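Visitor: Residue strings, one per chain:
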Amino acid sequence: MQTMTPDQIRVLIARGKMKDTVFQALGIICLAIGLLVILLLVGDMLMRGVERLNIEFFTGFASRRAAQSGILSAWVGSLLVMLVTAAAAVPLGVAAGIYLEEYARRNWVTDIIEINITNLAAVPSIVYGLLALGIFVYTFGFGQSILSAGLTLALLILPIVIVSTREAIRAIPAMIREGSMAVGATRWQTCRYHIIPYAMPGILTGVIIGLARAIGETAPIITIGALTFIAFLPPVPFTATGMDGATAGLFDWVMSPFTVMPIQIFNWTSRPDPAFEANAAAAGFVLMGMVLSMNAVAIWLRYRMRKNIKW
Amino acid sequence: MPESLHVSTQFDEDLARLRTHVLQMGGLVETQIAASIEAYASGEVDGVRVIVETDRRINDFEKAIDDDCAHVIARRQPIASDLRLILGISKIVTDLERTGDEAKKIAKGVRRIHDAGHLPNQYGSGIRHLAEAALSMVRQALDAFARMDGALALSVIRADVEVDVEFKSIIRQLITHMMEDPRTITASIDIIAISRAIERIGDHAKNISEQVVFVVEGRDIRYDKEAIR
Amino acid sequence: MVGPPTSQDTNDKLKALKDPMMHTQDKPQLKAEARNLSFYYGAAKALKGINMPIYDRKVTALIGPSGCGKSTYLRSFNRMHDLYPGNRYEGEIRFFPDNTNLLSAEVDPIEVRMRVGMVFQKPNPFPKTIFENVAYGLRVRGLTSKRLLEEKVEQALRAGAIWDEVKDRLQALAPTLSGGQQQRLCIARALATEPELLLFDEPTSALDPIATGAIEELVSELKKRVTILIVTHNMQQAARVSDYTAYMYLGEMIEFGKTDEIFFKPNDRRTEDYITGRMG
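Protein chains in written order, with this note's numbering: chain F, 1 to 311; chain Z, 1 to 229; chain S, 1 to 280.
Think of the hints as simulated: they come from the structure by calculation, not from any bench. If you're wondering where the values come from, they're calculated on a predicted model, not measured in any experiment. Hints are supplied without guarantee of correctness; some may be wrong.
[Unchecked claim] Part of the chain Z face toward chain S, derived, beta carbon under 7 angstroms:
no., residue
1, His-6
2, Thr-9
3, Ala-80
4, Pro-182
5, Ile-221
[To be verified] Below, simulated DSBU-like cross-link-like pairs (lysine-lysine); rule was C-alpha separation at most 30 angstroms, straight line:
no., chain 1, residue 1, chain 2, residue 2
6, S, Lys-223, S, Lys-122
7, S, Lys-258, Z, Lys-225
8, S, Lys-223, F, Lys-307
Glycine included, C-beta positions come from ideal geometry on N, C-alpha and C.
Sequences and hints are given; from them, build the entire structure.
Guide: Listed below in structure tokens is the structure:
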């Protein structure tokens, strides 16, 4: 090949740069389409529901009159269900992830387990609901409670937590692990002082993303029979309940009936009265806000914790 | 001696160049010795001037080769056989330069005898024989270097014993002669000087051979009478 | 009254002159010995029947071309291979003075690693504080007293020739140090637990010449107290730093001897070819 003259080189570069620009433009357009859709949706909900967005909306119970219908029991319910979900999914998922990545031997059994975990993530959420109905609600007798809902959703996001944990652990360079073992540490000491702390950012991110998904799941909650018209809150521990004057225990709230944000929205959209549309839109907007802020927290946490971890 | 090549061809070229220069210098020294023997035997002193001038080239060779050795050490950090080769060359070159000086001394001695009006006397053949033995030692030592032949080098070292013996016998004869006829003293002193120079050439050839053994086998057999048996 | 030197005096002086390098007490003791050591990565035989002594408080260097098995051999000494499935040892590594076989299935690898430390090729300090890096080895041995930890950490950092540079910032994160400093920190980390044998796996190949020199200097110091086995692909480094050198090729030990002899006149032609750069 002959060497190229500077002019030929410039022509070549110009051509390449043009392709660059075209690809960049295409990328921006696709990005813009996605962003635009979200903005339109959220903006639409905001417009239609803005009249309802006031303090009473957040602190009021549902009511037959649209103007006075609030989301108190819904967002409290969502929060409590998320609490149970996290409490169940995090220890189970993280421990399972650590075991599979650090302790389990690589043979055909673990290969099958690995395949099945990814399959779990593909199971339709309504199937989880049916499973929960049979096992949690009836067989274990938890009834149609926050506990059942929390456990069901925990099962749903378990694969996400396990996979995030494994990925976070795999990202740790082998020489850090070898460095720890070389000093005479046991497997558990290496896990406790190195693997888990360094994998924390990744694990947390996975957990929060999982919860952000769970908070919007409707089908399984319906299947276990979350009541759609709830005008009360689960009993606060150590306060008197109205029923028979007895004090509520620490965990009575867990067995209480409840509702969640998606259910409330679903309920309002299925009402014939068009006034409830505004309520539904407002609640939808609030739900989007909750999900986006959870994701924002995940990003911020990961940034903060990543800062100190340099290999 | 390893005949295989370095990964660095430049290194191979450096070593080849050094060896070539040593052999060239050696060839020049051999020529000087032969010329000085010729001057002694024939009494022709025209050649003496050439011998004295050529000695400068030998000195230049020594400096150039030593300089080259230093650069090769700096560039290549030689070890094992390569290191022994460079160290050996440095010492061989010193001995070659001194051999050249001895040849110059022989030539100058011949000129002095000639200027004083004398001719080489009946010790002519004895001295000549001694000189040719020494020249042969130098040739064989350089051969041993060229071929990296340890056995040949050892034989040269053994041969030096005979040269020393012959030298001592010539001295004894000269002394006897001087005592018999004091008029020959001046000439005899010059001949003694020439003989000593020849004996030293033999010693230098031995030194060169000792270095060849060092390069080939890694043994330092200088001053070690046991080693050459 | 001082008389003329006796023949005994002269003889002694001459003996000393003859080998100025020789110290009369210099009878090397064995610290470890590989006996017919073979190693398999799965079905592939990476080490073939190695027999080699490791002398107490001396530096032994392992040299050889890439893939000759020197790192594999090194990592057998602290059972690093046990961390990965499919590896198998044959033969023994005897460790003295108790004559334990380090490779025996009855010996816990963790016990081996408590007696044998390792410094890796690329400096690998933990993403923790400088103090925590060094204290880690002590913590895993159950040492919790703050005062004792501080004392031992300082000792180790001094032994690693890095105390003066970090004594004012022990709480800084280790990865903020330069490459050479990180490696010295890793050496301090290995020294904190007072190992009997210290393994170096090409410790300076990722460092610049000055940092390399500092570490070589440190190794010369350390050998007064610890036995050292060092893998290096830099032959000048092996020549500078070690007392004994072993040349390996394709999983076999070709030659073992005093560094002075190997680099002046090796016995095996293959060793000579490798060290003078005649291979390939």
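Visitor: Hints first: check each against the structure and report whether it holds.
Guide: Taking the hints in turn, this is what the structure says about them:
Because the closest C-beta pair between Z/His-6 and chain S is about 5 angstroms apart, less than 7 angstroms, the hint holds. At a threshold of 7 angstroms, the smallest CB-CB gap from Z/Thr-9 to chain S is about 11 angstroms, leaving the interface hint violated. For Z/Ala-80, the interface hint holds, since its Cβ comes within 7 angstroms of a Cβ in chain S; the closest pair sits about 5 angstroms apart. Checking Z/Pro-182 against chain S: minimum C-beta separation of about 43 angstroms lies over 7 angstroms; hint violated.
Interface hint status for Z/Ile-221: violated, as the beta-carbon distance to the closest one in chain S is roughly 14 angstroms, over 7 angstroms. Simply put, S/Lys-223 and S/Lys-122 have alpha-carbon atoms about 22 angstroms apart, close enough for the 30 angstroms limit, and the pair holds. With a C-alpha separation of about 28 angstroms, the suggested pair S/Lys-258 and Z/Lys-225 falls inside the 30 angstroms cut-off, and the hint holds. In summary, the hint linking S/Lys-223 to F/Lys-307 is not supported, as the alpha carbons are separated by about 38 angstroms, beyond the 30 angstroms threshold.
Comparing the model with each earlier hint shows violations of hints 2, 4, 5 and 8; every other hint is respected.
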